[in-house]
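Chemist: Sequence:
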Amino acid sequence: MQGVEQEDAPRRRRPPVATEALRDRIVEKVKENRVTLIVGDTGCGKSSMVPQFLLEGNLEPIMCTQPRRFAVVAIAQMVAESRNCQVGEEVGYHIGHSNVSNLNSKRSKIVFKTAGVVLEQMRDKGLAALKYKVIILDEIHERSVESDLVLACVKQFMMKKNDLRLVLMSATADITRYKEYFRDLGRGERVEVIAIPTSPRTRIFQREVLYLEQIADILKMNSESLSTKYCSGEDADADAGLNSDVYQLIHELLLHIHRSDPDLENSILVFLPTYYALEQQWIRLSSVRSVSKVHILHRSIDTDEALQTMKVSKSCRKVILATNIAESSVTIPGVAYVIDSCRSLQVYWDPIRKTDSAGLVWASKSQAEQRKGRTGRTCDGQIYRLVTGPFYNSLDDHEHPAILRLSLREQVLMVCCAESRAMNDPNVVLQKVLDPPNLDVIQDALDSLVQIHALVKPTSPRGRYEPTFYGCLLNSLPLSFDASVLALKFAEIGFLHEGILIGIMLDIQPLPILQPFGYQALCKMFRDNYFDEDSNLKIGKKEATLIGNLCAFQFWQRMFKVRLHFF
3 MQGVEQEDAP RRRRPPVATE ALRDRIVEKV KENRVTLIVG DTGCGKSSMV
53 PQFLLEGNLE PIMCTQPRRF AVVAIAQMVA ESRNCQVGEE VGYHIGHSNV
103 SNLNSKRSKI VFKTAGVVLE QMRDKGLAAL KYKVIILDEI HERSVESDLV
153 LACVKQFMMK KNDLRLVLMS ATADITRYKE YFRDLGRGER VEVIAIPTSP
203 RTRIFQREVL YLEQIADILK MNSESLSTKY CSGEDADADA GLNSDVYQLI
253 HELLLHIHRS DPDLENSILV FLPTYYALEQ QWIRLSSVRS VSKVHILHRS
303 IDTDEALQTM KVSKSCRKVI LATNIAESSV TIPGVAYVID SCRSLQVYWD
353 PIRKTDSAGL VWASKSQAEQ RKGRTGRTCD GQIYRLVTGP FYNSLDDHEH
403 PAILRLSLRE QVLMVCCAES RAMNDPNVVL QKVLDPPNLD VIQDALDSLV
453 QIHALVKPTS PRGRYEPTFY GCLLNSLPLS FDASVLALKF AEIGFLHEGI
503 LIGIMLDIQP LPILQPFGYQ ALCKMFRDNY FDEDSNLKIG KKEATLIGNL
553 CAFQFWQRMF KVRLHFF
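Under this note's numbering, the residues of the sequence shown are numbered 3 to 569, in order.
Simulated from the structure, these hints should not be mistaken for laboratory data. Here the structure is a predicted model, which is why all the values come from computation and not from measurement. Please note that a few of the clues may not be correct.
[To be verified] Derived pair list, reagent style SDA-like, types lysine to any residue, alpha-carbon separation capped at 20 Å:
#1 K316 <-> L266
#2 K356 <-> L508
#3 K108 <-> F184
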């Protein structure tokens, strides 16, 4: 990570992390126990240091999972830098189709991956995908479907591979639940719990949490009806929508911080739930942008561009507007202030409309603690939560597991297509996850896949659903389920190439027509040069955006071929 060494002032040196003191114990316990749970406060060094401890304890090769691509790349770079090697040598990573883990024909000793990549590898190779001595599942409190399935499948394979070691890590995991989950792993087996001690006394940098009551005092606002004005109610049953008052409050807080803190190296991180919310806030920051550098962290932003937030700026203050991509794992140097909207975007399956829907919900306390942990790492920190104290106390402790709110069509098809018999029955595998979904949901997914001819029903009561050629093809495409279906629909009418391109655009960001952040009108003008959504074709805005970007890509492709021909 560029910039970490640039922080020369004594107060900005990265403090000796608490994890270092437990180096020998961590290595010893991982060698002794098949499952180890490491719990420590955010910023204690779990993600970057535990893999290195195990490597130095001769427990390589090691695989580490992270919930997001950005975290995978950022932590791999951080660990590689600390070991004085290039990414792809001793330390590598694998996200999507980018596998940087075997340069110079040598397999990396520590490899960081997303849970999705690990799941695909286990689907295709079964136990052979786990040719590691240690598997580290980091941030296990983040309950994506992929993370839950990886945990369940690794547990199944551990029944066959006795020498495999599993390390679970989190700052906010429910210890009792995970100990109970692995109770049936084997006779005499137990989960070893290592708690990394942290307290205000031992922490070099301190954190202060402020709620709407304190924010009102700071900004000299009317303190009456704060929850009604900024939270639409008195507790977490209220609507989680963002109104103009919330955006204005964030703007005023940013101005207050900038005026009251002359140290420009103290950066500000703002958590908002959606791209639209990021854009709305960015539009309101014209007065702040003149004196600060505003960065955007969102999955649609190119990874290299997102990593620019890791650089330390001494000439102007950094303001980082981020979704939950910045919620865990990664240390952004110099973050002294966190403004937490306490909202999150949640996707759920609508069984009536038969489609995925998304809506704003209140963040859980676990998520809020993760966001809090983005500061107090390289300097003292303040956290501004845009809810009242009593409102915060009414929030759920943990977020609702994704496996309990999605259709599971994609996951059921993946399981049915798995090569290994240990994971090719969805009714078995999905009932072995930490929070098993309702059997009716699994059956609905199976029926839906049969209806589109991706699966064939069993001929006997004890038979299993078999994937068709179409189902295997659907599952093999490196696209989401809906994008894969769309691509193959295009193929049926002779437009496979176009279908694949549009499918990629549904899944991958940024689009070919780069959208200047905050300039919707300019983006529309660019897009209209390739496809005018006001034409006679009666299609929606999303469809017009996809067609416009398809035309732009095809134009670029033609020009590229012409250039190759002449040069």
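Chemist: Give a verdict on every hint.
Modeler: The hints, checked one at a time:
| no. | hint | verdict |
| --- | --- | --- |
| 1 | K316 <-> L266 | holds (6 Å) |
| 2 | K356 <-> L508 | holds (18 Å) |
| 3 | K108 <-> F184 | violated (34 Å) |
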